[in-house]
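Q: Using the sequences and the hints given, assemble the complete structure.
The chain contents come next:
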Amino acid sequence: MTAVKLKATMTFSEEQSMLLDTATEFFRSKSPTSVVRDLMLSEDGYDDAVWREMVDLGWSGLAIPEACGGSDLGLAAAVTIAEPMGRWLSATPWLSTQLFVQGVLAADDALRSACLPAVAEGAIGTVALCEVDGDWDLEAAGLTLRETGSQAALSGTKTFVLNADAADFLLISGNLEGAPALAVLDRESLPAGALHRETLIDDTRRSFELILDGVQVPDDRLIRGERALTALSRIRNAALLLISAESAGGIAGALEVIVEYLNTRTAFGRKIGSYQGLKHPTVDILIGLERTRSHVYHAASLIEAGESEEAIDVALRMAKAQASEAFAFAGDRAIQFHGGFGFTWECDAQLYLKRALWAQYAFGDAIHHRRHLAEALL
Amino acid sequence: MTAVKLKATMTFSEEQSMLLDTATEFFRSKSPTSVVRDLMLSEDGYDDAVWREMVDLGWSGLAIPEACGGSDLGLAAAVTIAEPMGRWLSATPWLSTQLFVQGVLAADDALRSACLPAVAEGAIGTVALCEVDGDWDLEAAGLTLRETGSQAALSGTKTFVLNADAADFLLISGNLEGAPALAVLDRESLPAGALHRETLIDDTRRSFELILDGVQVPDDRLIRGERALTALSRIRNAALLLISAESAGGIAGALEVIVEYLNTRTAFGRKIGSYQGLKHPTVDILIGLERTRSHVYHAASLIEAGESEEAIDVALRMAKAQASEAFAFAGDRAIQFHGGFGFTWECDAQLYLKRALWAQYAFGDAIHHRRHLAEALL
Amino acid sequence: MSELDDFRAEVAAWLEANRPPEPDFLLPETFMEVGTDRQFEYLRDWQRKVYEAGYLGMAWPKAYGGGGQPQVMQDIVNAEMARLKVPFVPNTIGLNWAGPLILAIGTEAEKQKYIPGILSAEDIWCQGFSEPDNGSDLAAATTRAVRDGDDWILNGSKIWTSLGTYAKYMILLARTNPDAENRYAGLSYFLAPMDVPGVDVQPIRKLTGEYGFTQTFFTDARIPGDCLMGREGEGWQIAMQTLTFERSVAGGQAGGLSMNAVGVQDVLELARRVKRDGRPAIEDPIIRDELVKFLIEEQGDRLCGARARHPALISERPGAIAMSGKLRGTEHKRRLLQFAITLQGANGARWVGDERAERGGLWQRSYFNAFSATIGGGTSQVQANIVGERVLGLPKD
Amino acid sequence: MSELDDFRAEVAAWLEANRPPEPDFLLPETFMEVGTDRQFEYLRDWQRKVYEAGYLGMAWPKAYGGGGQPQVMQDIVNAEMARLKVPFVPNTIGLNWAGPLILAIGTEAEKQKYIPGILSAEDIWCQGFSEPDNGSDLAAATTRAVRDGDDWILNGSKIWTSLGTYAKYMILLARTNPDAENRYAGLSYFLAPMDVPGVDVQPIRKLTGEYGFTQTFFTDARIPGDCLMGREGEGWQIAMQTLTFERSVAGGQAGGLSMNAVGVQDVLELARRVKRDGRPAIEDPIIRDELVKFLIEEQGDRLCGARARHPALISERPGAIAMSGKLRGTEHKRRLLQFAITLQGANGARWVGDERAERGGLWQRSYFNAFSATIGGGTSQVQANIVGERVLGLPKD
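Protein chains in written order, with the working numbering: chain C, 879 to 1256; chain G, 879 to 1256; chain U, 41 to 437; chain W, 41 to 437.
Each hint should be verified, as a subset may be incorrect.
[Said to hold, decoys possible] Only pairs whose alpha carbons sit at most 25 angstroms apart, straight line, appear in this in silico PhoX-like list of lysine-lysine:
hint: 1; chain 1: W; residue 1: 333; chain 2: C; residue 2: 1149
hint: 2; chain 1: G; residue 1: 883; chain 2: W; residue 2: 333
hint: 3; chain 1: W; residue 1: 125; chain 2: U; residue 2: 333
hint: 4; chain 1: U; residue 1: 436; chain 2: W; residue 2: 315
hint: 5; chain 1: C; residue 1: 885; chain 2: U; residue 2: 151
hint: 6; chain 1: U; residue 1: 151; chain 2: U; residue 2: 89
hint: 7; chain 1: U; residue 1: 333; chain 2: W; residue 2: 315
hint: 8; chain 1: G; residue 1: 1149; chain 2: U; residue 2: 436
hint: 9; chain 1: C; residue 1: 1149; chain 2: U; residue 2: 436
hint: 10; chain 1: G; residue 1: 885; chain 2: W; residue 2: 125
[As the list claims (entries may be wrong)] Some chain W residues flagged as far from chain C (calculated, every beta-carbon gap over 12 angstroms):
hint: 11; residue: 111
hint: 12; residue: 115
hint: 13; residue: 250
hint: 14; residue: 266
I should point out that these hints are in silico values taken from the structure, not numbers from a laboratory. Values in this document were obtained by computation on a predicted structure and should not be read as measured data. Every residue gets a Cβ at the ideal spot worked out from N, C-alpha and C, and that includes glycine.
A: Printed below as a string of structure tokens:
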């Protein structure tokens, strides 16, 4: 028998419903693809004015406790922001900030109070977890934290650090005396030249390599022991949930682009959407979307209900595995079904496939998560 | 780099071409589905008159050396019989006999001379290899051969013994002092009640469970040591080749049934074959057929060319993996594409799917062979 | 919540105590596969028992034999029946298609006449939509119904009639006006008795070798005028409404299982028990990956059902989940059952009746029977068209 | 055999000795992706060198600059080029589509005028079949060619023109008679110069962000009367014949690679080198199973090529292998390249220009570029129709 019993919990409050409506309208109006394409070419990759509006709407501090200036709505509410954000390919430092918040929530009160109120007011955060071998195991980080007196020295290389150039805070994982630990670095403490811009498959992201060679962090900026494990687990949970939610949105966006084209373009005297060779795979995309959204909102419901870590882990990995494959399929087919136009820069289909590939390889792809699920469920 | 270098050898002689034409005509005329369906319900499962004709055509002794009364054309020629046999779902004891022949070819001259001339003249042979756990590893047989004096006693249970009731000779694998060995049992030596008819998914086969409890076999009927390993290897090679060839024929048969129906049946005012939802998967079946045939005739070419055992093993496993999945897909789609009619006993689609499933699970399915191929090629 | 929990416990206890003993013959897996009298009687007796215990039609009006209780109670019963894997109740077409239809649009007389017998299994129902030459294309129906005085005279043939041998009534789509402005307008809908002269039912042998479907032939069969449901020419609309019940797009079903629910957990249990390549199938990494894929898919569909109850979470395409349900569910099951055979390695080649076949060959038979769901009630290809056109708004073929 | 073996060794030695040095920029992967002048010049120089060594057009007549030797020698050269992974030669449309066409049906004057420049890369060729509004539906071409005295006046636009910026000639399908009895009969075929007034070539930016295709606009472009190939109204037949060369259904190509051949072995090599989940990708059982699937498929297609040379082994459907070749090959490659990204785990998310990207992001770019082959020259969906209808005889859509 399986260790984890699968439930069908699905809760969605009136408040969440309103948030979803608001966010949907927000990103629909703020993030048409013309804007997305401009931002792709920009240095920062996001529009600070839009970011400020999001902060003002309270979306930055959504998961921050009220005591730290947030609205304490939790991760489930964050899904309602992430999904439309993915749908309109919006590029903001919101995701990296949410992951930062989740990590710091595991810290002691002092560190929480040192960072979270600022984030609730608009400070940008990010997490530096992955290393160059690309291992998705967040506890395997090789960057070293060496303690001397009331300081720790950080040495090592991190990769795929989102929005690192814009971040006010960076939460960096590593190894302190053989155990996982994390450190919060302020923007000011970042040595010059530590950041190197990376080129991702998804131009709407800004990613950096971070090279640290003995940079000093005060002891009170460290998260260690059980708290470090909790921080990593919270970050992973949030990443799986929010990237899956973004992917659900992305599938919906790709589907919309496809349906629009299939209803417009004519070949051999018929609308191409009338051909089952295109119609049926498009239905498969819809089914992938429906299943993905269901997994995402279910996982959010379990988190909100405070279910066991094991149950949440299973739901999140299922969501990520489902989302990764369905989104990659939707993006791939979006290009193919647009024919010659799909092969051009101007066609939006490519934007979705590139997002899908980034999403697939961030925090574990479907094969990775299915292996973990097999361990949990079989 | 891979240990086995993949070649593209493909030879097909004038003689083989003539054999293929003859066999194609033979099975087309002898094995319409009306006949197949009659034989399915019959006790023996095959028509002795047809079998005699095949013997007279030399097909029984195809792979038997001339010295033993055969025509020594080898396994490559046998493919030209197996493929059309599969195409017209023909039920004969030819396959089991060929496997018997391949095993005995590894025996010493005395045993060869004791069996093969009779086979060339029409005696039926079969092999008893598989045991109730269904392990496809032919060297893992648990049936025991215990030697006492110039005799060996066989004890154990074999399953999936094709045509055992009709067989003049049974070649039985087992374990003699910790090593694989085989014994040839005459029909007369088979104790009463040793055979129990099994019900296979493919009604065109006759299969038996064989229970032996100390039946005595003379020493000179044993194949042991290196010869036993060779015998098992030859049997496996022949089984993979001929079942893949039969499957290639089966795919072609299923494809023909599908194309015929798609060109006849009308729905919503159009021939159903005009719908891409049916047309495109039918093309996938064709592609599966083309790839399967290519793998099969290539593997036969390597065997005929006397290539290394490793190269032959790789080619055969590729053929079997390709054939198994392509045939199962063709059979499954054949039923679906016939709609309601496909769900009836009268529709021939089911005959192909049932054949496909038997073929898939005989001597290893696609997953099994791919695992072995990974070991050989990666 | 606690009251419902109590109810759930009560239902479970009743089901455990009253489930019929395992028969000494292989039961059918769905109501479409009832092929022998003893199978039918075993299942009808079970339906009667369940109904008499008050666990069927719980949300139907008391006036017609229902329980007059909230739907959630019937949902709980259904869930417990599935969880405990009790046998299904055979009168599915009556309970879940014809019954809700009659309750929704039938006359008072129709409700009184038909509903009680549906619940008690006294009156078995069958469906006469498909015809030999028109599988999924229902609007092409050619079975004729011609007025003759107060009566109707039926001629033609219907096919894939589940339970045709046992049915007292048929929901029948027939052509009353071949000259109507379009082919839809010429159709009418009947609640037709099967026990009149001129109705001949022939069993159809299935690809498994068993029986279960029938073909019904009408030869000048005379049925009373009041068998017409709704008005003449409304047949297509009523048939489409029937399909909303059949496909669970609309609610109101009487409840009860209509098939032995086989899910991924059953296949997991199989994977733990059977061997492939000399070791438990569940230890093979490729098998494990596939099993998890099935689990994710099954759980995804289950969660779609849960999500569909939140209007805010399906607002963009409200019909998507319901309308794709048949396509998702039946294709998932077909592939799952095919995979269940793969788990068995060499023993996958066994068939019903073989002593060493897993569960008497149930898995192999189930895979073949799975096609009845991917074909019947609109093939998967037709379903995909429906979803593409009605949910996504893609152009028609 | 031994003579050919010697030749193979000689070719290999020459290629090894003369292959151009790796450039300090990323080369295109196919002739369709030549997007910058330095890419083009590098490749044109290489073609010239190969031709001057006698390794291109070896089987073409000596009279037009060919080698006049058996085809098998060119086959050996092609195979060695692929094996040693030397750069491709850029004039693919001339060498493998237009060239063989001109040799097959061209006039003596056409052969003399065009063939030598094709081989030497002096005259680059492009293809003007597709139009903005008619992707795979070539017969719908609307680009007009109107007679004016001895000349033709062209108006309209062609799209997806590879090498359009560098081409001296275009094989052009244009409508000469809009009132013909059917849309096929109104088309004519031209060997059209690109360097006349009124021909405007605009680069198209690809989904990768790079360039490589162009759109060609004709605005009252005047070309000489003898640019018409064959007779007026024969355009469709000649275009179809061109496609038999393009899709390698017919032989007679000059040879040389037209792309960097990427195969499963390259992906295997990658799988050995890169890590997923902290260990070499090739150690993951799921990855291994997928890799073997790709190997079986690739080998199957290769063996189809070998089998197609035995008439007795393709007698039932002689066209099946050749006509399905594009569909099989391009879809295999698209999926293979997509999988090559998966091997890289988290690092799969890198792109061209990233320092840590595998081979400079080649794999990611290759996957995106793979769509040019599954879309261009008839989408895979159109290819499947062609195979279904022409090989299997299924009814048209």
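Q: Each hint should be assessed against the structure and marked as holding or not.
A: For each hint, the structure was consulted:
1. 333(W) to 1149(C): Distance ~36 angstroms between residue 333(W) and residue 1149(C) Cα, so the pair is violated.
2. 883(G) to 333(W): At roughly 16 angstroms apart (the allowed maximum being 25 angstroms), residue 333(W) and residue 883(G) satisfy the hint.
3. 125(W) to 333(U): 39 angstroms, violated
4. 436(U) to 315(W): At roughly 47 angstroms apart (the allowed maximum being 25 angstroms), residue 315(W) and residue 436(U) break the hint.
5. 885(C) to 151(U): 38 angstroms, violated
6. 151(U) to 89(U): Since the Cα atoms of residue 151(U) and residue 89(U) sit roughly 22 angstroms apart, the hinted pair holds (cutoff 25 angstroms).
7. 333(U) to 315(W): Within the cut-off at roughly 23 angstroms; holds.
8. 1149(G) to 436(U): 16 angstroms, holds
9. 1149(C) to 436(U): Roughly 9 angstroms between the alpha carbons, so the hint for residue 1149(C) and residue 436(U) holds.
10. 885(G) to 125(W): 18 angstroms, holds
11. 111: 34 angstroms, holds
12. 115: Given that every Cβ of chain C is farther than 12 angstroms from that of residue 115(W), nearest at about 31 angstroms, it holds.
13. 250: 9 angstroms, violated
14. 266: 31 angstroms, holds
In summary, the structure is inconsistent with hints 1, 3, 4, 5, 13 from the numbered list given earlier, while agreeing with the others.
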